[in-house]
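Trainee: Taken in order, these protein sequences are the chains called V and R.
Following the numbering used here, the numbering of the first sequence begins with 1 at its first residue and continues without gaps.
Following the numbering used here, the numbering of the second sequence begins with 1 at its first residue and continues without gaps.
The hints are simulated quantities; they were obtained by calculation from the structure and are not laboratory data.
Treat the hints with care, as some may be off.
[As the list claims (entries may be wrong)] Cβ pair distances, simulated, as ranges:
| id | chain 1 | residue 1 | chain 2 | residue 2 | range |
| --- | --- | --- | --- | --- | --- |
| 1 | R | Gly145 | V | Lys58 | 22 to 32 Å |
| 2 | V | Ile69 | R | Ala87 | 27 to 37 Å |
| 3 | V | Lys59 | R | Thr26 | 28 to 38 Å |
| 4 | R | Gly14 | V | Ala227 | 54 to 64 Å |
| 5 | R | Gly145 | V | Ala227 | 51 to 61 Å |
[To be verified] Which stretches of chain R does chain V cover? Using the computed rule of at least three CB atoms under 8 Å from a CB of chain V, they are:
| id | region |
| --- | --- |
| 6 | 180 to 192 |
| 7 | 199 to 211 |
| 8 | 248 to 257 |
All residues carry an ideal CB built from backbone N, CA and C; glycine is no exception.
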Amino acid sequence: MNSLSQRLYDDFIDKGRYMYLVKGLGNTVLITVFALLIGVLIGVLIALVRVAYLQTEKKGILLRILNLICGLYLTIIRGTPMVVQLMIMYFVIMASGAPLMIAILSFGLNSGAYVAEVIRSGIQSVDRGQREAGRSLGLSGRRTMIYIILPQAFKNVAPAIFNEFIVLLKETSVAGYVGIQDLTKGGDIIRSITYDAFPPLLAVALIYLVIVVFLTQILHVIERRLAKSDLR
Amino acid sequence: MTFDKIPGETNGSGQPMVSVRDLRKTFHTLAGNVEVLKGIDIDIARGEKVVIVGPSGSGKSTFLRCLNMLETPTSGRITFNGTEITAPGVNLDEIRAQMGMVFQHFNLFPHLTVRKNITLSPVLLKMQTQEEADQHAEYLLGRIGLKDKADSYPNQLSGGQKQRVAIVRSLAMKPKMMLFDEPTSALDPEMVGEVLEVMKELANEGMTMAVVTHEMNFARDVASRVLFVDEGVILEQNTPKEFFSNPKHPRTKDFLSKIL
């Protein structure tokens with residue numbers, strides 16, 4: 001059995017193996033950030049359809065179809081495992097795309113379903129008097145939504161969306177299933193080269209932990225800021 | 001003190017500002033259908049100040065909210081300034097831009113400064129540039145003595161200040177008519193006066209107003225006509241003098257005896 005320092009040297013220093021972790025972390029962050037952007041975009045669109053459907057008395061055929069599609073999307077995404085969605089996307093739907101792009105899209109589509117419900121609740125948490133005030137000033141429904149409802153809705157759900165960011169960061173650890181070298185896969189590659197599992201996997205776990213703790217601290221700061229601006 | 005020239009006043013035509021015919025509204029609730037308005041007919045002349053009183057649940061707020069179509073009437077016809085606004089295909093945004101509305105709970109936009117609250121709509125609707133709207137807002141705020149609050153957020157204001165800003169926000173659109181939906185009901189008693197004062201000044205300048213309120217003194221002093229609404233119909237209407245000193249209908253008498 002090698003000494004601990006020898007193991008650490010072999011796992012991380014020798015032949016620059018730490019770069020597996022560095023590059024992996026880069027991919028993890030890349031996928032997380034862009035997936036969240038896609039997720040928020042999809043989330044807003046779906047939330048708007050759902051809210052419009054709930055608030056409209058006379059529902060047109062287009063609105064019914066859109067709402068049906070959104071409902072179906074939410075059911076499928078939330079009812080199946082992320083890994084399975086990722087593999088179906090990689091091996092079936094987009095068999096010829098760049099892996100990183102496919103991963104971003106998959107995680108974005110997945111995240112969108114969860115963000116949609118968060119934003120929908122945010123929109124519904126805004127007092128209905130706000131919409132009435134906007135409309136009574138002659139603003140269209142669209143402008144009232146953009147300038148009055150959504151800014152308040154986003155403020156209300158900012159902590160929840162940031163939380164989704166943290167969840168998403170950890171979820172991307174399954175990207176290795178489709179051959180993407182994310183942080184988790186990076187540690188696993190080191191393990192397969194050195195036949196030494198504990199240090200690389202511990203390092204991977206620690207990196208996730210440090211990032212998540214750091215992001216959670218930021219989340220607390222955001223929450224405190226938002227609470228402060230509500231003070232009278 | 002003057003706010004602005006009121007556009008409705010310069011139009012000297014004889015047609016009423018608002019004309020309502022057989023207005024009905026039924027709400028569909030889980031408990032069944034509730035007919036809140038059971039056929040309302042009324043004309044409101046230019047410059048007239050109509051005060052609507054009645055017990056809670058009588059339909060007076062619903063009636064007011066139908067006037068700018070915040071509630072869609074189940075049936076009936078409403079004409080505003082010559083345009084039938086209950087007709088299909090009418091651009092309600094254009095109609096509402098000419099009809100200010102003041103709410104019981106102020107409904108200021110909490111994420112925007114007082115100035116931005118006032119200028120948002122005139123600028124978005126391209127009635128004014130941002131600079132023009134800012135100047136106008138400054139002027140209007142000066143009129144209600146809140147010039148120094150232009151950069152404050154609504155949460156930093158008292159209830160009375162909020163409601164005065166809300167009135168000014170509506171006035172920034174240079175409306176032809178103002179609707180007030182219990183504008184003082186959510187205020188602490190000591191703040192009611194300052195809001196009523198602004199409304200009185202507005203009335204003196206000739207603004208056409210429809211006011212739902214429980215402030216009987218305001219009705220007495222300002223109204224050109226008082227409507228008593230009960231169970232979805234206008235039960236009685238008269239000049240404030242006659243209305244308060246000589247109510248005709250037993251329910252009106254009963255109502256007045258309870259609140260005066």
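Trainee: Hint by hint, note whether the structure agrees.
Mentor: Evaluation of the provided hints:
no.: 1; hint: R:Gly145 x V:Lys58: 22 to 32 Å; verdict: 45 Å, violated
no.: 2; hint: V:Ile69 x R:Ala87: 27 to 37 Å; verdict: 34 Å, holds
no.: 3; hint: V:Lys59 x R:Thr26: 28 to 38 Å; verdict: 19 Å, violated
no.: 4; hint: R:Gly14 x V:Ala227: 54 to 64 Å; verdict: 57 Å, holds
no.: 5; hint: R:Gly145 x V:Ala227: 51 to 61 Å; verdict: 31 Å, violated
no.: 6; hint: 180 to 192; verdict: violated (count 0)
no.: 7; hint: 199 to 211; verdict: violated (count 0)
no.: 8; hint: 248 to 257; verdict: violated (count 0)
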